[in-house]
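In the order they appear, the protein sequences are chains A and B.
Heads up: the first sequence begins at 1 in my numbering, then just goes up one per residue.
Heads up: the second sequence begins at 1 in my numbering, then just goes up one per residue.
Watch out, some of these pointers could steer you wrong.
[Said to hold, decoys possible] Pairs of lysine to any residue, SDA-like flavour, derived with a Cα cap of 20 Å: (1) B:LYS323 with B:GLU312; (2) B:LYS323 with B:GLU170; (3) A:LYS57 with A:HIS80; (4) A:LYS57 with B:GLU23; (5) B:LYS323 with B:SER173; (6) B:LYS323 with B:THR288; (7) A:LYS57 with B:ASP18; (8) B:LYS323 with B:THR338; (9) A:LYS57 with B:ALA22.
FYI, nobody ran anything at the bench for these hints, they're computed from the structure.
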Amino acid sequence: MSLLEYHVLLALAGAPLYGYAITEAVECESRGAIVPRAGTLYRVLARLVSRGFIREKDHGEESHPGRARRWYALTPAGRHALSEESQRLGAVAELALQRLGTGRP
Amino acid sequence: MTRWISWLIRLHPEAFRDRFGAEVEAHAREDLERARARGSTHALRCGLALFIDLVASAIAEHAHPAWSGSHTVHSRGRGRGMGIANWIREVRLAGRSLARSPGFALVALGTLTLTLGANAAIFAVVDAVLLEPLPFEEPDELIVITGTSPGSDLPPEFGLSGEFLLDFREEASSLTGIAAFNSFTATFRTSERVERVRMSVPDIALFDVLGVAPALGRLPDPERDEVVISHEMWTTWFGEDPSVIGRSYPVMDGRAREIVGVMGEGFGFPNDEVLVWIPGTLSAEGVTPGNFGLNLVARVAEGVEPDAVVAELQRIGRRAPEKWGGSARYAEAVANLTPIVRPLEDTLVSEARAPLWLMMLAVGVVLVIASANIANLFAVRAEGRGRDLAVRRAIGADRYHLVRSQFAEAIVLAALAGIASVGLAWLAIPALVAVIPEGLPRLAQIALTPGVVAFTLALAGLTALACGLAPAWRASRPDLARLRDGSRGATRRRSLVRDGLVIGQTALALVLLTASGLLIRSFQELYAVDPGYDVSDVFTFQFAPEEAHLTDGPTWAAFHVEMMDRLRALPGVESVGIVENVPLDEGPEDVRVVTGERPDPEGAALASLTVAGGDYFATMGIEVEAGRGFTRDDAFTPGNAIVSRTLADRLWPGEDPIGRRVETATLPGWHTIVGVVEDVLQFDLRDEPEPLLYYPLVFENTEVALTSPGYVVRTARAETIAPEIRALVTEVTPSAPMYRAYTMQGLLDRTTASLSFTMITLAIAAGLSLLLGSIGLFGVLSYIVAQRSREIGIRIALGAEASRVQRMVITQGARVVAFGVALGTVVALLATRLMEGLLYGVGAFDPVSFSSAPPSSCSASASSRAGCPRGGRPQSTRSSPCGSSDRAARAPQYR
Chain A
1 MSLLEYHVLL
11 ALAGAPLYGY
21 AITEAVECES
31 RGAIVPRAGT
41 LYRVLARLVS
51 RGFIREKDHG
61 EESHPGRARR
71 WYALTPAGRH
81 ALSEESQRLG
91 AVAELALQRL
101 GTGRP
Chain B
1 MTRWISWLIR
11 LHPEAFRDRF
21 GAEVEAHARE
31 DLERARARGS
41 THALRCGLAL
51 FIDLVASAIA
61 EHAHPAWSGS
71 HTVHSRGRGR
81 GMGIANWIRE
91 VRLAGRSLAR
101 SPGFALVALG
111 TLTLTLGANA
121 AIFAVVDAVL
131 LEPLPFEEPD
141 ELIVITGTSP
151 GSDLPPEFGL
161 SGEFLLDFRE
171 EASSLTGIAA
181 FNSFTATFRT
191 SERVERVRMS
201 VPDIALFDVL
211 GVAPALGRLP
221 DPERDEVVIS
231 HEMWTTWFGE
241 DPSVIGRSYP
251 VMDGRAREIV
261 GVMGEGFGFP
271 NDEVLVWIPG
281 TLSAEGVTPG
291 NFGLNLVARV
301 AEGVEPDAVV
311 AELQRIGRRA
321 PEKWGGSARY
331 AEAVANLTPI
341 VRPLEDTLVS
351 EARAPLWLMM
361 LAVGVVLVIA
371 SANIANLFAV
381 RAEGRGRDLA
391 VRRAIGADRY
401 HLVRSQFAEA
411 IVLAALAGIA
421 SVGLAWLAIP
431 ALVAVIPEGL
441 PRLAQIALTP
451 GVVAFTLALA
461 GLTALACGLA
471 PAWRASRPDL
481 ARLRDGSRGA
491 TRRRSLVRDG
501 LVIGQTALAL
511 VLLTASGLLI
521 RSFQELYAVD
531 PGYDVSDVFT
541 FQFAPEEAHL
551 TDGPTWAAFH
561 VEMMDRLRAL
571 PGVESVGIVE
581 NVPLDEGPED
591 VRVVTGERPD
601 PEGAALASLT
611 VAGGDYFATM
621 GIEVEAGRGF
631 TRDDAFTPGN
641 AIVSRTLADR
651 LWPGEDPIGR
661 RVETATLPGW
671 HTIVGVVEDV
681 LQFDLRDEPE
691 PLLYYPLVFE
701 NTEVALTSPG
711 YVVRTARAET
721 IAPEIRALVT
731 EVTPSAPMYR
741 AYTMQGLLDR
751 TTASLSFTMI
761 TLAIAAGLSL
771 LLGSIGLFGV
781 LSYIVAQRSR
791 EIGIRIALGA
801 EASRVQRMVI
811 TQGARVVAFG
821 VALGTVVALL
831 ATRLMEGLLY
841 GVGAFDPVSF
851 SSAPPSSCSA
861 SASSRAGCPR
871 GGRPQSTRSS
881 PCGSSDRAAR
891 APQYR
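Kindly generate the complete structure, drawing on both the sequences and the hints.
Following this line, the structure appears as structure tokens:
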């Protein structure tokens, strides 16, 4: 799972979001390390939809003409994948801190 | 402003675009708007990042699709991908489909192969002669300098003289080098071979200016008797023997000169015929001001414009009289002198350019016409499949798929034809080189180069595109209405496309016909020119005897007189003469002639000087207009001369020239005019006659001798007498073989060879285009008749006569042809102006050529029309209404 994929899943774990909101969440939650641009973001969304990790969600929002907003939500499979990846990343981060000698004893 | 975002999104695959395109666009716009709100720097950075991101994601999505679209999941990899496998499958299918209609495939393949092959062969010539850069260093910087001086008695454009060369070399900062060159024929003698060959005595600086050096040995020292020979002479005379370097042979004037170098292959200057260069240097002492006629080649300093060169040379040139002196007449000529500067390349290939491009254009037009025919055939095939395609579209094949399958056939055909035509060109190029007239520069370099192969294959690709476009376009929008029972597809729009093709073909064929008609008329006019001599029944040859007793002018003259007597004794020989420069073969030297009335150089007129003896004028059929020709006595006593009509008129306008006296600096001594003869055309039948002065075989200076003149022999056996003369020459001088043996008719054919070659090529192209055009028209009319068989059946059922139906069809064809003829005439009017330089004696708007082309194109179309009822009658004028119900009965299988 790529870093951007992880962050997108992470952003959607709270609540369903639409495209630009996902970008903002990713930028914020990665502390500005990741600023996805449109093309890249939607290829990731496409891949996640194809894999069944996220799905399009009806939001009941009235569609503004000329502004096609689609909301995406995490599926149970996505939630599971996010949790597995988080555990893996947590272990990796712990290992790193240990090696650097700044971790807990 | 932000339209580029939509463009970039369009680069993405369709499936991705359909699903996410709008979102990506909205997202990108929002991004940009927010960045803009934060300032222009942010906006710029964001725009750049977006641009890169969108291009990258488009490429990535094509390479590894993240989105395949739910409806195409099952057909992934088989559908729209550009995969090689898909194409291989299509190509295999196309091959099978073509094999099912071998007639169509063979006709299309044959036509394409022939026309592509012809294009490849002619392109090989154009490429080698016109497109390849000259084999010199930075050839674009090389120029040729001549001059013009309105108001003087000099020709409209003339070569400058030595003092200009020296001044330009010394003072002109716009030139980095300058050299003089010439070329002439003289004798080269080895122990095995004696011949007059083309030589050049250039300025030693020439090699430096051109940036060339010998491939073998070194450059000659101009102070010593040293020469450098061409690669061709090294091959043909010396068998590529490297030990030739250091050997000495009598060259040019009989003086022994040492060969010190061999030039590289392909080097020839000023032309490929030059075999020997005898470099010299021009010093200020050797300069006679006003001795015009020098050829100058120079290298322009980097970045200097031609206008600046002309301006500087003019400034320097006009100072020449104050520096070098010379006559008042010279000063006057120089005061009006304007140098003319031309790229060297233009000078070397100028004569070949127009005919070669014309030929290239002609074969290109034939290819266009052939492509139009094949496109038409493809269109008819696609038409026949319209129903099939509609069904495929209806059950879900997408448009891309249909286009691809239709296009594959054209690609297969063009690829096969491309490969076959390269093979054809490989066979044809040597044959073409063999029939191309001599004198075309860089003839030896013509070959099937990678460039030619690439050109041919690219042309084949273009042809595929052109031929396949119509059917593919048709296939991409199948007429779904065809699926309805009984519908007939012949709509007006489609026949417009086909009519357009026929109109274009007729027009192009007409243009080619007009052009070839103009050339044929030029050729006729050229042959009708009176050159001043009679070319039939004259044989000419040269030989260069080397006998110990031939030491001075009188002994040589006596030898020639005796030789002429022996030639005259041969059976069937009517008369024999001798001349220094045989017309159409060699040119005489230009000299200044002064007259007894005005002996000062101020009165000197430019004329050509040659030497004649025996019955030269009678043998050549040159009329003696006043006085007499040379007698036997003139061959032994110097002092008499004969002038041509033009020279007589120039020196003594309106007066009797007989008994007047002339002198030249080249061969000093006063000569008395004893006769006036008809003008002759020395080189080219298109030229105006030059003033010509004839001297007899001996001169006041007995050291000057005529050593290898041209003999002319009048005999009815001119074509067959060569072996007897050869035997006689061998008998007289065993060591000196006969050479430059021609009939005058042969020489005349040689001078017109370039024109006749262009004419024949163009005539063949025109004939082919006419044939192809007729076939195209025939195909279209047959097809239209077949399409209308139901309508025609109904007409006949309602009582229309067969003749009436035939007339209807013919009228339709005639209308299309009439359009084509009208269009073609207009195009021809514009296009033939381009070939004005090639024409002789006819204007580009020659009414004869223009009025004869349309009838021939019409009559050819008529023959195709005559064929049409053949295609039409069995099916249509004889067709019963059953003919059409027959079709309707077949229709249900598609339901």
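*State the violated hints by number, sorted upward, taking the hints as numbered earlier in the document.*
The structure conflicts with no hint, since it agrees with every one listed earlier.
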